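All chains should be modelled from the sequences, with the hints used to inform the complete structure.
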Amino acid sequence: MKQVIKLFAKQYRVFRNDKVAVLLTFIVPLILMSIFGSIFGGSSSSVQGIPLAFLNESSSPVALRIEQTLDTMKAFALIKTYKNDRGELVKFDTVKIKEYVHSGRAEAALVLPVDMYSDTSLGLKVKYYYDPKDEIQNQITQGLIQQLIFRQLPEIFTDAGQRAAERSLGEAKGKEFYKKLASLTHTYFHLDTNVILHPNLNALFQKDSSSAGDSSRASKFFERIVRIEKEQLVGKELENPGATRSVGGWAMTFLLFTLTAAASSLFDEKKNGVMLRYLTSPLTRVHILWSKYLFNMSLGIIQLLFLFVAGWILFHIDIFSNFFNLLLIIIAASMACTAFGMLLAAFSATRQQAQGWGTLLILMMSSLGGAWFPTSFMPPFFQTVSKLTVVYWSMNGFLEVLWRGSGITAIIPHIAILLGISAVINFISVVQFKKGNVF
Amino acid sequence: MIQIQNIKKSFPSTVALAGISLEIRKQEFFGLLGPNGAGKTTFMHLLVGYLNPDSGKIIIDGDVVTQSNLAIRRKIGFVPQSLALYDELSAQENLEIFGGLFDTPKAVLKTRIREQLEAVGLDERRKDKVNTFSGGMKRRLNLIASLLHDPIVLLCDEPTVGVDPQSRNAIFEYLIRLNQEGKTIIYTTHYMEEAERLCSRIGIIDQGKIIANGSLDELFELFPYEELILITKNPSTTKCRTFFEKFGTCVEVDDHFELKPSKGFILSHFFAHVEEQGISYRWIELHKPTLEELFLTLTGRSLRD
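Chains as they are written, first to last, in our numbering: chain F, 1 to 439; chain R, 1 to 305.
It should be emphasised that the hints constitute simulated quantities derived from the structure, not laboratory data. Please note: incorrect hints may appear among the correct ones.
30 Å max Cα-Cα, derived DSSO-like pairs, lysine-lysine [stated by the list, open to error]: (1) F:270 to R:75; (2) R:209 to F:270; (3) F:270 to F:435; (4) F:271 to R:57; (5) F:271 to R:263.
Note that the coordinates shown come from a computational prediction; the quantities given were computed from them, not determined experimentally.
This is how it looks when you write it as structure tokens:
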């Protein structure tokens, strides 16, 4: 037993002195837990700042109330205007608001049309245009909008029901009928009562006679009371939208791991003396760094191409209809990730250290950059930080190309930012390599 | 051929070389002998231009060696102390990579690779991965990887560390052959046997300074005596200790006395007096001094300290 205890204690002594093991065991999970906690700590009500294009064409008080509520909701960053060609802020119209979503500046638009709530309406009619490039965000947006509209329902339902009853039965009888109906509806909400008492509603339910139970019929009922006309503007034609959406994020995570490991091979070459052999032949440190950079970059390009081709074969992701632009983003992303790997190697003392820090930073960048969940789930501070990550710009570049089928002009900003990040990181790396541990 | 003019090199925590001047002639086999940490590797790194000296100058074949002078490296072959090889690649692939760094024409390189592999007995294993090689085989490969550009100067930084006697001999024989064929060789070691066997001239380095330099004979002349006299300790020799001390310094070491003869000592006179004392010759043994003892004499420390 003594021996077991001695060996047990020894393990802790070794572990304590292995800084990378400690980092990966405690610090990495702690930091990631903090990030995830701050993102998912609340409910969906903690979602903030989802860009939502908005147009209110209706003059009804209900529409105004919905607009006012949307204005105060933290979940949405309501966009009511766009910049025209002359740089002026102009209110949306029905055409421009769709273009706005189509171009990717917002992932959803809500239009309250002129006939949203007319005198003869049974309920509300709204239009919802969306780009489900991020399915989770899209679901949440739809859910929140439905919740908001349904909150208006008791009043609308009362009002619409009363007007419908008056139209059918005459004012006096209609009012009498409505009183009973309202009383019953509010008390029990049993829809069978309406089937008997209300001719128009009866017509609604007759269509649902094949439905399974009361709850299903109720659901159909509400769908007719509140009609949300949804139109998907982007990605309709894609064979596998789910895979197309997620391939970029996962590809970036693996690319970062690969390139960090590749850059860390500098430490192996130093340790086994190969670096010394190189530096005693007609080579300079610059030659070595360039060769390493070019190798890693090309490896990154090959890896990304491999993953996208695999996505094409396995999940029918269409990579060929916009292949040239995809290739441009792949090159830019590989350059930026290579620079990141070189930066880690420049600032680390050993391979283990580089990989420890690499794991932490890659997981952080992937989560913050939106590879695993939408950035709009994050608090505003993290949303700002996410824009500093290579993952964010690469992923959005891939989505532009694969999801939206954008041309070169749309991806130039992404490429420029990735190359900019790459240039800055490379400069820092070279400076650090001069005084670092590798050479 | 090689002029080293008062080179100094310091690192943040230590002075590695404290002013070394040497001249090494063409086709000389020069050994640099010193304990670990004496400055041998730093000296080699300066010679090959991996490091720049803080002051002083190194000239090889008329060219000043600096970090930025890449051309001079074509004249130098450097055998690092570590096994600077890619374990996952074959011997042939390793040689192609390292030989290719010197812009040697492909056909010439191919021929040289074959010749070198044959010379060190690795030809049959040329396609095997290095991680299947024994330590000695790796050492031989490590050596020839530095020779593919046909340098005029070969710098060997302790190239036999951890090698079995058979491989060590093979390496020694090959180095001697290279030297005979015209290469100037500088060889660092902390094994005096290696220096004695290989080198026509030896520099002894300690704490960043050359404390002795010359051929073996010249170095042994630094001893105040030619031979050390070892006397087995027993009752008859112990009672004669005062007698022994008349001939030099006599110290007791383990099971014997060690007599370091003083100046003017004549061996025949000593034996005559021993006979007079009635001490049997069988208790007396003559011992030629070694470089190890020279180092001990010069520094007060052992080479392996």
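Against the structure, the hints:
no., hint, verdict
1, F:270 to R:75, "holds (23 Å)"
2, R:209 to F:270, "holds (28 Å)"
3, F:270 to F:435, "holds (15 Å)"
4, F:271 to R:57, "holds (29 Å)"
5, F:271 to R:263, "violated (51 Å)"
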